[in-house]
Amino acid sequence: MSDKFDVIVIGCGVVGAAIARELSRYKIKVAVLEKEADVSFGTSKANSGIIHGGFHSTPGSMKAKLVVPGNRKFDRLCDELDFPFERRGELMVAFSEDDVRILHTYYSRGKENKVPYLELLGRDRVMEMESELNPDVQGALFAPTAGIICPYEYCFSLIANAQENGVELFLNSRVSWIGKNHSDQFEVETEKGCKFSADFVINAAGLFADEIANFVGLSTFKITPRKGEEYLLDRRVSTLVNRVIFPVPSSSSKGMLVIPTVDGPVMVGPTALDIDNKTDFSTTRAGLQEVFSQAQKMVPSIRTSDIITSFVGLRPASTVGDFILGKTTVDGFINAAGIESPGLTASPAIAEYIRDVLIKEELRLELKSDFEPKRKKLFTRVRHLIDNRKFDEFDKLVNENKDYSKLICRCENVTEAEIVAAVRNGHHTLDGVKFATRAGTGRCQAGFCTPRIMEIISREAGIPLEKITKKGAGSEVIPYPLKKGSGDE
Amino acid sequence: MNKIVDAVIIGGGPAGLAAAMSLKKNGIDKILISEREDYLGGILMQCIHNGFGLHRFNEELTGPEYAERYMNFVEEADIEVYKNSCTIDIIDDGDNKTVYMMSEVLGLIRVTTKVVIFAMGCRERNRGNIAIPGSRPAGVMTAGLAQKMVNRYGYMPGKEVVILGSGDIGLIMARRMTWEGAKVKAVVEVQPYPGGLNRNIVQCLNDFNIPLYLSHTVTNINGNNRITSVDIAPINEFREPDIKEQFTLTCDTLLLSVGLIPENELSQKVGVILDNVTSGPLVDANLMTNIPGFFACGNVLHVHDLVDFVSEESETCGKNAADYIKSCLSLDKEIPLKPGHLVRYVLPTKVEAGKKALISLRAIAPAEDVTLYIKAGDKVLFKKKHKKIFPSEMQRIVIDEVPSDAETLDVLFE
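Chains C and V, in that order, give the protein sequences.
Quick note on numbering that gives the first Met the number 0: the first sequence kicks off at 0 and runs consecutively.
Quick note on numbering that gives the first Met the number 0: the second sequence kicks off at 0 and runs consecutively.
Since the hints were derived computationally from the structure, they do not count as laboratory data.
Fair warning: there could be bad hints in the mix.
As the list claims (entries may be wrong) - Think about it this way: if two alpha-carbon atoms lie no more than 25 Å apart in a straight line, the pair counts; the simulated PhoX-like pairs of lysine-lysine are:
1) C/LYS395 to V/LYS82
2) V/LYS382 to C/LYS482
3) V/LYS82 to C/LYS482
4) V/LYS82 to C/LYS389
5) C/LYS466 to V/LYS268
6) V/LYS113 to C/LYS466
7) C/LYS389 to V/LYS113
8) V/LYS384 to C/LYS389
9) V/LYS82 to C/LYS401
10) V/LYS158 to C/LYS482
11) V/LYS2 to C/LYS401
12) V/LYS349 to V/LYS386
13) C/LYS466 to V/LYS349
14) C/LYS395 to V/LYS147
15) C/LYS389 to V/LYS184
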């Protein structure tokens, strides 16, 4: 017995989720298999959250072809899916004459990639735009169409809307075997022993895309994790920069950036280091020093004492050096692999590209008449009302749902109503709730709200406190009850 | 909902309770305590060990017993308390202040008041603040959070424990976890001297043979889902970890006791100016902040090591706030206090001429055979010999009458 689908998407990061949402427009059965306890828990959650203008990519590459169309789709997506997105613009800043020459190279690249409104700016204009920049700046390349989003909220909203339109999501479902049955359909098995079958498999497995491809006998590429460390600064210094600030890049990375986030706090990073281990998410002393020494060259007032947390993302860098998109020598097995920067920006365009591949591969795609592009609103963010002193609106909200007046995370002003909504929507881990609501992301780093969030998860999802995890099985927070039945104080 | 009172106290921990008691005793009736938990007493309620109250009550009490003394007064005096109520914003209109609270039961509340007393306490420094390298597994938490999990919820975070930082909560938790059957393998302290009180080093570590590694730090956290080990290295003369001497301890839990930060985000929202050293509000001799009608006391003002001193300070603060409400708060001539040799900070930064003054201070580094002086010019107002001083031990001094002719008071060790 196995569940039969038209398409199985393996991996639910931004790429898998964008594909799932695109396919949910059509009258087909789609399953998404995610190995982690929640979506976006792999590379996507550690993404810098930049919607790039598109001047970095080498003209002619898949990256260059999809980055500008991807960027263009975000206004509409943001409107439909209601995730935070702001077109702040990005500046590549030059500090020497050599740098200025390189700016010109990127300017021509951008022009070739059809990046709109690109501009080369002189020193005074740059300082006027970003007053905290090092005054030694000599000029900048400005892409006003670049933006910032919250990568995991984007991912959550894509998959939520896909689910509202019929896509089935399976969490904690690590694929352990793929084969074909006698009617030439794929059989996919997960570690837990669940079986699925489908005519098409889309490999959006990020870091593990090479291993998934190996299951069907393909070894055309290898994925090497490229580690990036990022450091998040206190809300207090959230006005350091208004736009995304880049240095002139080196050969292996875009360099250390100073990144405003849609949630307010500024982020600095990421490093870029090729490593062997796909599960090495450790930050390092060397990484910290590299990030801050480089970031301080651009914005001298950045200080390590403002760090509230740090994290690591592993970019799925492939041996191909470009996005690996499309059909393979195995009929029906389609890759969406090697999606490193600017993958987030390109993701909506990647989704459409994959849809077109499916059409060419003769999957019948007929639009649903009842496709609902608007995501259902899960909850109202109380923080936005409080920050803007919209107390009357808040009063109204509380009259509708009392839980909106129970503040759980006071650093980020997240209420019980928001957390309950997130848990009921399937976020059953502390990290899942954190990414969905921001509870625990603030300056106390969940020092106060952890027990209260755990109580809500326990109550709403029926999980005993000792079984509640940070990020999936094996990461239980308080695994040992002192004595049986002593759960309520 | 709207409400009018004379004084709003933000926080129902030891500071808030003592301030409320003192306001009441000084003739103020319309008092409101806003407490965000569903119980009063604050962090004391998770401190089930004893050692509280020696100065205040000449008795050794547990945290909840100590809190109860004040809670009983608050209850008997009919002081209004909003539990499960979080203050989210304050707008200062001069004579009146509007405090916005969210309450589970009452929804949004707008309280108009003459006085606001900040008594929010502090939060623990966390892993992010000190940027410990390594992975981000479960099993890494602050000592205070672990204390709450064990003492109030009845759950142990793990069985093989390393503690980074020798602050008092970390030391207390070393003993607590040991009592509950855990193996505490080490307490690691970056400084060459302990961060907590000497009595806690003796009673919580030495009595259980728990090793204390001074001048060491955690250089790496290992493990993916759950922490599996930590790397520890000594600190060399350049104050950097000496990686050559690094060693690894397996563990399933790392507790952090690396300092406390006064929680002043709300105070800053109103425009209160903070002191760079204490991270608490800059206050005058009356414990009033730079904005008239806003007072601060307890750990939100500066981190204390004994709750007894929190209560004492907060009662003084409550009395001053009562005087302010009755328009008889005097501040004739303020005399600045100047921290001198070996003094990290003095609080308050000014005292009032001709009045009694209560002065708190901390040393900047450990020292032996020193004498603490408070001088007005050449005149010695206070003098006390110390065999040993530690930054972890706050000094508390009463000057009965500050001389009116003094220009400044120098506070120093010699």
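Hint check results:
1. C/LYS395 to V/LYS82: 22 Å, holds
2. V/LYS382 to C/LYS482: 53 Å, violated
3. V/LYS82 to C/LYS482: 29 Å, violated
4. V/LYS82 to C/LYS389: Roughly 23 Å between the alpha carbons, so the hint for V/LYS82 and C/LYS389 holds.
5. C/LYS466 to V/LYS268: 39 Å, violated
6. V/LYS113 to C/LYS466: This hinted pair is violated, its Cα atoms lying about 48 Å apart.
7. C/LYS389 to V/LYS113: 24 Å, holds
8. V/LYS384 to C/LYS389: This hinted pair is violated, its Cα atoms lying about 57 Å apart.
9. V/LYS82 to C/LYS401: Cα-Cα ~15 Å, so holds.
10. V/LYS158 to C/LYS482: Between V/LYS158 and C/LYS482 the Cα gap is close to 15 Å, so the pair holds against 25 Å.
11. V/LYS2 to C/LYS401: Distance of about 20 Å is within 25 Å: holds.
12. V/LYS349 to V/LYS386: Cα-Cα ~28 Å, so violated.
13. C/LYS466 to V/LYS349: The given pair, whose Cα atoms are some 53 Å apart, is violated under the 25 Å limit.
14. C/LYS395 to V/LYS147: Measuring from Cα to Cα gives roughly 35 Å; hence the hint is violated.
15. C/LYS389 to V/LYS184: 51 Å, violated
Comparing the model with each numbered hint stated earlier shows that hints 2, 3, 5, 6, 8, 12, 13, 14 and 15 do not hold.
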